[in-house]
Amino acid sequence: MTQKELHNQRLVREAEHAVMRMNTRRHFLKESAMGLGALALGSLFGSCGSKASQNSVVFDPAHPLLPKLPPFAGKAKSVIYLHMAGAPSQLELFDYKPELMKMDGQDCPQSLLEGKKFAFIRGVPKMLGPQAKFAQYGDSGAWVSENMPHLSSIVDELSFLKAVTTDQFNHAPAQLMVHTGSARLGRPSLGSWVTYGLGTENQNLPGFVVLTSGGRNPDAGKSVWGSGFLPSVYQGVQCRSEGDPVLFIKDPDGMDRDLRKASIDAINEVNAQEYKEYNDPEILSRISQYEMAYKMQIAAPEVMNINNEPQYIHDMYGTKPGEGCFANNVLLARKLVEKGVRFVQLFDWGWDSHGTDASLAIDVGFINKCRSVDKCITALILDLKQRGLLEETLVVWGGEFGRTPMMENREGKQNPFKGRDHHTEAFTIWMAGAGIKKGFTYGETDEIGYSSISGKVEPFDVQATILNQLGFDHEKFTYDFQGRPFRLTDTRGKVISDIIA
Amino acid sequence: MLLSITEFLGHFHPLLVHLPIGILLIGLLLQWLSRKEKHASLKPAIPIVLLWGTVAALASCITGYLLSISDDYDKTLVSLHMWMGISVALVSLMLYAKEKNPAFAIDKRILSIGLLILVFLTGHLGGSLTHGSDYLTKPFKDIFSNDTLSTATIKPIANVQEAVAYQEVIKPILETKCYSCHNANKQKGGLRMDDSLKLMKGGKDGKIIEPGNADESEMIKRLLLPVDNEDHMPPKEKPQPTEQQIALLHWWISNNADFTKKVKELQQTDKLKPILLALQNVTAIKKEATDIPKTTVEKADEKVIDQLRQKGVVVLPVVQNSNYLMANFVTDTIVDKDDLQLLLQLKKQLIWLKLDDTNIGDDGMQIISQLTNLIKLDLSHTNITDKGLQQLQPLTNLQYLNLVGTKISAQSLLQLKNLYTLQSLYLYQTNVGKNDWETLRTTFPKTQIDSGGYVVPLLATDTSLVKEPKKDY
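Protein chains in written order, with the numbering used here: chain A, 1 to 501; chain B, 1 to 473.
To be clear, the hints were calculated from the coordinates, so they are not data collected in a lab.
Computed from a predicted structure; not experimentally measured.
Don't take every hint at face value.
To be verified - Computed cross-link-like contacts, SDA-like style, restricted to lysine to any residue with a CA-CA straight-line distance of at most 25 Å:
id	chain 1	residue 1	chain 2	residue 2
1	A	68	B	280
2	B	467	A	416
3	A	437	B	348
4	B	434	A	168
5	B	348	A	73
6	A	494	B	434
7	A	438	B	450
8	B	236	A	491
9	A	494	B	225
Claimed, not checked - Okay, the calculated bits of chain A under chain B, using three or more residues with CB under 8 Å as the criterion:
id	segment
10	200 to 206
11	215 to 229
12	246 to 258
13	311 to 322
Built from N, CA and C at the ideal position, the CB exists for glycine as well.
Same shape as in the complex, but just chain A (with noise of 0.2 Å):
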């Protein structure tokens, strides 16, 4: 061996000694932990792969938000839920009961009460006739109060289930209830669902855009459009009915769309760098996210705003541009389900009238919520309908539980006005378009409104038939989590065969 290659061989030692002095034991727990994460990810995944072939939904996590097709075909391609938060009362809409009016001021009969817990109502309360007055409407008959004039006339659109029940008489689990089918916080959203299931249209916007009113959120807060196990991107967006959408849509000052771009192609380039090392399909879901906010950018602000719809379309809604209303939002969710968004979740707060204060009686301040109501949804059924878009779009209307027949007594005292308790054995929901039967009611209460007689339907049968329409069968729409398939309906919830056409 000569003197030269004695001194090579000790400069490459010297190199490899260099190279083996950065491998720090930082590197070896990071190393050993990749290692053994593989092999637990490895055995988990070995003992449920058989599981997950059979899910009919395929997750993508590079484009989650592609369109996908449904099992079966369905007649709604989209769906708007306008949820009056709070609970409004059936007996004051929909359900006219003339025998509860002779009960009036009448001490409320033992065996409504032996058993029955009820939120707020304590001791003997006095029944409470209905405080409106009823007429029938259209070539169906249905019987709608004088608090909603507008609605009286298209009735022959709406298919009434007079005989909801639940079994929550608090609002945030009943609201949990109807929406994510479980009481209690965890599960996903029926617009999550869905959008997981069918994916969306319109790869510009959001696929599950959530707008509320009535200045507060629901009380079960943003769980109600939460993801729950399901992979994030499928949550509710909340946009803003005032001023930007989204906040921070817009670029700030001194950053134009180009540099905006070229910073969104460099962090996804990071991104994509990591993901190569990682192989987490998070990271492909988040690098879709940022492309899909810099789309949304020049997309939604255009979608979002109502001042460019023509004033006859204004005065048909009753909207009041510039103002956070439900109006708006109405005519909001009419311009996203028209581009293609699958699932437009309204929240209006403010339905609870229990009489505690004049905004809560049920002669005043519920009078003029329906007010703020009834004029916009009339328009969109109207609206939806003239555009050909009805026969496509499933309109659900509802609350989380109905009222009681009974004036409500908190903490057996006279409340100052006229109201009434949650009460969780009947209440209306009504349901329109794509494929929904139009003029039709089902489901019936006992003669003072107490109970659901027939056609007694759950949160879990609406659950299931809005699946329906939108082409699943909810028993095999499944997600595997935690080692089980998870379902919306949970073990319960049948299709509603009747109101559909």
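Once you have looked at the hints, place chain B on chain A.
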């Protein structure tokens, strides 16, 4: 109380019967194996196994007897099963005695083979009692015949008004929902429903049908009880009749529960007519979307679909496992010649096409008119005029045509009168004149024509608020 204890014990029979079957067969197997030198060591186990088999057989006999007096089964079948069961116990006892004392005067082989046969026969008879005598052979029957009885599904009736009410409307309901527990072999509650006389006679608790008075009939009462109620029929875990089926039973009993009259001879309320009519077409309940052709089509060229997707067009099968396609230009609002050429290559598969809010105009219609399989076409808010629209005559499969917000008029629409399948036509904000609607409606008698332009009038209540009433106190 005593009765309920015997009944309780009787209910153990279906559990206990499996013990003698298993134990005795094991005993016989040991006996057979131990004939060989290799397994001679098994011999001492045989008497013990046979003894316990005998004990289990006796226990089964006792519980079986208790069950037979508390429940209602076919008498001849039950007594045969009972004597067979007793014989099993006896023969196994004899075999045990022979094993213990070889001097016993009967041939061991006859006893063993006899026991084997008896065990199988008794077991089969027991199975026939609980599951029905055709239980074992049913799968074969289903293969070889499309008999409604064995598959227990309801077939559509050709003309419901001419049908015999009991035979064709009522009996199929009972067949699918009641017979499994109330038949010739098994009569729960002493009730047999597959025979018209027995049906009218009722069960242990009396008549179940009061002709002419459905509300007082036990059958209807029990059907209407909440599912969780103990007396609800059919039991919670069994298939439940639909509300329509209950309405039909109610109607039949209200009309004196007649076994010979035709449907048209019985009174029909308005509520019942649609239910009866629905029987003519059972499949109507499971409505299939008609906006997808029944015939199949070969797969479209994936390359063409990919090219369209690259351009931002949403192209998808209309439903899983179908080759029919829908295309939506929701984000690609500039439709150029290439796009149209690509669509043309999907001519066979494309059935739904949404071009709303795009720049497509009259010159594009020449290609659109070649997409003859189209069922839904949305051209709203595009630049098409009468000149383009009248070219669409070849689209004879169209069911949905949306022309909202275009400059078309009645003149070109009238030229499309050959589109017989058209179900909905949307003409809001078009140039269709006030006087044209009547002509259009007579030209398209089967089509829902939506003229739009709905007005929601402004009422005083829309802009005013209810104020808090003044308090008297």
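For each hint, the structure was consulted:
| no. | hint | result |
| --- | --- | --- |
| 1 | A/68 <-> B/280 | violated (36 Å) |
| 2 | B/467 <-> A/416 | holds (15 Å) |
| 3 | A/437 <-> B/348 | violated (32 Å) |
| 4 | B/434 <-> A/168 | violated (53 Å) |
| 5 | B/348 <-> A/73 | holds (19 Å) |
| 6 | A/494 <-> B/434 | violated (46 Å) |
| 7 | A/438 <-> B/450 | holds (15 Å) |
| 8 | B/236 <-> A/491 | holds (15 Å) |
| 9 | A/494 <-> B/225 | holds (19 Å) |
| 10 | 200 to 206 | holds (count 4) |
| 11 | 215 to 229 | violated (count 0) |
| 12 | 246 to 258 | violated (count 0) |
| 13 | 311 to 322 | holds (count 4) |
Consistency with the previously given hints fails for numbers 1, 3, 4, 6, 11, 12, ordered from lowest to highest.
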